[in-house]
Each structure stands twice: as structure tokens, then as C-alpha cells.
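Asker: If you want the building blocks of each chain, they are given just below.
2 protein chains.
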Amino acid sequence: MALKHKGLDDFGRVPVSFRDRSPIAFSNQDRIPVLVDGDHWVNDSWEIACYLEDAYPDRPTLFGGEMGRAEALFINAWTQQIQNPGLINIILWDAFQAVDPADRDWWREDREKRYGSLEIYQNGKDEKLVSWRQSLEPMRVTLGEQQYLGGETPAYADYIVFGTIQFARCVGQYDVLEPGDPIRDWCERLLDMFDGFARQAPTVTT
Amino acid sequence: MALKHKGLDDFGRVPVSFRDRSPIAFSNQDRIPVLVDGDHWVNDSWEIACYLEDAYPDRPTLFGGEMGRAEALFINAWTQQIQNPGLINIILWDAFQAVDPADRDWWREDREKRYGSLEIYQNGKDEKLVSWRQSLEPMRVTLGEQQYLGGETPAYADYIVFGTIQFARCVGQYDVLEPGDPIRDWCERLLDMFDGFARQAPTVTT
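Protein chains in written order, with the working numbering: chain A, 10 to 215; chain B, 10 to 215.
Hints are supplied without guarantee of correctness; some may be wrong.
Stated by the list, open to error - If the Cβ cut is set under 10 angstroms, some of the chain B residues that face chain A in the computed set are:
(1) G73
(2) G77
(3) I91
(4) G95
Said to hold, decoys possible - Stretch-level coverage of chain A by chain B, calculated; a stretch enters the list once three of its residues show a Cβ under 8 angstroms from a Cβ in chain B:
(5) 86-92
(6) 101-107
(7) 113-127
Keep in mind the hints are simulated off the structure, nothing from the lab. Nothing here was measured: the structure is a model prediction, and the numbers come from that model. Note that the Cβ used here is the ideal one computed from N, Cα and C, for glycine as well.
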């Protein structure tokens with residue numbers, strides 16, 4: 010979404026499987042995403058956004074200046090500390106079902122180190138979903154006032170939160186946002202952007 | 010803090026008691042704060058910040074542009090929906106003790122409509138404090154990376170959260186932030202600003 014936002018449309022994508030990180034071996038680390046731009050590479054979504062903003066300052070802005078970037082870091086932290094853990098709690102089992110069978114042993118071992126037994130996540134999803142939706146209230150209030158977290162147009166802050174919901178959308182087995190929720194409407198607007206770019210992402214049901 | 014940030018130092022302050030809103034009767038509404046600037050008035054902290062930013066664009070910025078303003082609205086919503094209710098839960102009883110005795114009947118009736126019996130808030134403060142501190146984790150993570158929510162300098166976003174903690178500091182009977190907490194250090198930096206302006210606010214113990 011950040012690449013598209015910057016109008017950097019001619020990028021390629023290289024699949025990286027969980028069990029085989031050889032496509033990113035050049036980076037001497039094993040975390041995705043990794044962005045390669047000419048002879049430069051950068052990993053971590055936040056760092057990639059910062060790199061794009063700094064390397065392409067004349068393209069549409071992701072942060073709207075240093076203060077906007079600083080505030081977006083809070084939204085990033087909120088997403089990582091509050092919003093995404095709540096969502097993972099709901100979709101972890103579904104995510105496991107969506108993993109390439111050849112990756113499942115790797116994935117189970119890795120994820121169980123962090124989250125405990127995957128089987129725990131089969132249950133209680135409805136209650137967790139209610140609680141997760143409630144935790145989004147600050148976003149709901151904000152989107153009652155403006156179209157995007159970035160205001161009249163999306164900012165990187167929007168893509169931070171959207172990325173986690175897009176993940177749920179692609180691997181989950183039911184909608185996490187209710188009809189009529191302003192956050193769902195916001196999500197639909199982001200799915201429509203860039204000629205429906207995010208809508209074209211493969212999902213477990215397609 | 011927003012006035013000081015804008016370098017608008019020559020303001021006066023008019024006390025408004027809970028039971029008597031006659032000083033703001035001209036505004037045909039009863040909520041404080043109300044800012045009067047020449048023949049213009051505006052109420053609501055967020056609206057006041059927006060007014061100052063727009064009316065004094067050549068002074069130090071509170072938002073850093075439209076995207077920063079939009080993102081600050083999320084931080085405002087997070088403060089109002091999550092952070093401040095958690096803090097009120099802890100300090101409501103202390104706040105009641107700090108109310109001018111002549112205002113107490115008014116205050117009890119008004120607050121009990123919103124929060125239920127004030128007596129409930131005498132208990133469980135230690136547990137509520139642990140939970141409130143935990144809810145600040147996104148801010149703690151952010152302040153691990155930068156001095157202020159606004160980055161290297163404070164933004165209105167900082168003053169939003171600070172205002173609620175300053176309220177607790179002035180009416181509460183114990184520190185809500187632990188020594189060593191980056192949020193406490195941030196709070197101390199804000200208390201030092203503008204020649205210790207916020208530090209000079211009267212508290213129940215002074």
C-alpha cells in the first residue's frame with residue numbers, strides 16, 4: 010500500500026515461505042517484509058515506510074511531515090500492542106489452517122513459542138471478537154469525523170491498521186467487522202484504492 | 010499548554026465554579042474550557058487547539074500540517090475513550106475530595122449521573138492503577154523511540170494526554186506514574202516547559 014501510495018507501481022514480489030528464507034538471505038536476517046530498491050534494502054514495515062518517505066519526498070506523502078511521522082509511530086505502537094494482538098487471538102487458528110501444509114510444522118513450532126498451544130485458539134472467537142471490536146473504539150470515533158486516519162486522504166497510519174485487518178481478511182474464515190461499522194466502510198475504501206489492489210490479494214476462500 | 014506553545018503568553022484566566030457558569034454565559038453553553046480571543050470565542054479543547062493553529066499559523070505548529078492534525082484526532086479519541094476513563098476510575102474519589110465544598114452537591118449529582126455512586130471509587134485503586142498503566146503501553150513504546158508524541162518537540166497530541174495526567178497530579182493523592190516509566194520522564198519534561206508553567210498549577214497538597 011505504501012509503494013502504491015508513492016506511485017511506485019513497477020515493483021515485483023518474491024514469495025518467501027516460512028520454512029525457507031533463502032530469498033532474503035542477502036539481508037542477513039530472517040524477517041519479512043524486505044524492500045529492495047536498487048542496491049539498497051530495508052526490512053520492517055515501519056522502516057520501509059520511512060525509507061520510502063525519505064527516498065521519494067516529491068511523491069505523495071505517507072506522513073505529512075515530521076510531526077505526522079511521530080504521531081504515526083504512536084498509531085503503529087497502538088496497532089502492535091493492542092489492536093493486532095487482539096486480532097491474532099481471534100484468527101490464529103484460522104491462520105494455521107491457511108498455512109501451506111509443507112510450512113505447518115515450522116509454523117506451529119514458531120508460533121507456539123510466542124502464543125502457546127494453537128489449539129487454544131479454536132475456541133471463544135465470538136467473545137474475543139466483541140472485545141476486539143470494542144478496542145477499536147478510538148478509531149471508530151476518529152472515522153466518524155474524517156474519512157481516514159490521515160484526514161481527507163490516507164496516510165501510512167491507515168495502512169498500518171489496514172494491513173492487520175487485510176491479514177485477517179485473507180486468512181480468516183469470517184468477517185471481523187460488522188456491516189454499518191465506520192471501520193468497515195473505511196476498510197472498503199482502502200480495498201477500492203489503486204484500482205482495487207488490496208482486494209485482489211488471494212484469500213483462503215479464493 | 011497550547012497557548013504557551015503558540016507563544017501567546019499574555020492571556021488571563023477566569024475561574025469558573027461548577028455551580029456557577031455565569032462567567033461563560035456569553036457563550037450560550039456551559040462547558041469549559043472556553044477561549045476568548047478578541048471578539049471570537051471557542052469552546053472544547055480540541056476546537057481551541059484547531060482555532061489557535063488556524064488563527065496563528067506563523068507561530069510554532071501544534072499539528073505539523075493536516076495529516077498530523079488528523080492523526081492527533083486519533084490520539085484525542087484514544088485519550089477520551091481509553092486513557093482518561095481509566096484514570097477517572099482511579100481518581101474520581103480523590104477529585105471529589107478536592108472539589109470546593111460549596112460545589113460538592115452540584116458535583117456529586119452531576120458526576121453520579123455519568124459514573125454512578127462516587128463511593129464505589131474509594132476502593133480498588135491499586136488494581137485499577139496497574140490496569141491503567143498497562144493501557145498506556147502504546148505510549149510507552151512510542152516514548153522509547155522519541156522524546157514526545159510529536160517527535161523531537163511536543164505537539165498538541167502531547168498536551169492532550171498530558172492534560173489528563175496533570176488533572177490527576179493536581180487532584181489526586183498519589184503519583185499515577187512510577188519512577189523509571191518513560192511516560193513519567195515525558196511528563197516531567199512537559200512540566201519543565203515554559204519555565205515550569207504546568208508545575209506551578211495549584212494541587213490539593215499545595
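Asker: Look at each hint and say if it fits the structure.
Answerer: Evaluation of the provided hints:
Given hint, G73 (chain B) at the interface with chain A, holds; its Cβ is 3 angstroms from that chain's nearest Cβ, closer than 10 angstroms. The interface hint given for G77 (chain B) is met, as the beta carbon of that residue sits about 4 angstroms from the closest beta carbon of chain A, less than 10 angstroms. A least Cβ separation of about 6 angstroms between I91 (chain B) and chain A falls short of the 10 angstroms threshold, and the interface hint therefore holds. The interface hint given for G95 (chain B) is broken, as the beta carbon of that residue sits about 13 angstroms from the closest beta carbon of chain A, more than 10 angstroms.
Proximity of the segment 86-92 of chain A to chain B, defined as three or more residues with a beta carbon under 8 angstroms from a beta carbon of that chain, is established by the 5 residues found. Using a Cβ-Cβ cut-off of 8 angstroms, 0 residues of the segment 101-107 of chain A lie near chain B, which falls short of the minimum of three, so the contact claim is violated. Given a C-beta distance limit of less than 8 angstroms, the hint that chain B covers the segment 113-127 of chain A is violated, as 0 residues qualify and 3 are needed.
The structure is inconsistent with the numbered hints 4, 6 and 7, although it conforms to all the rest.
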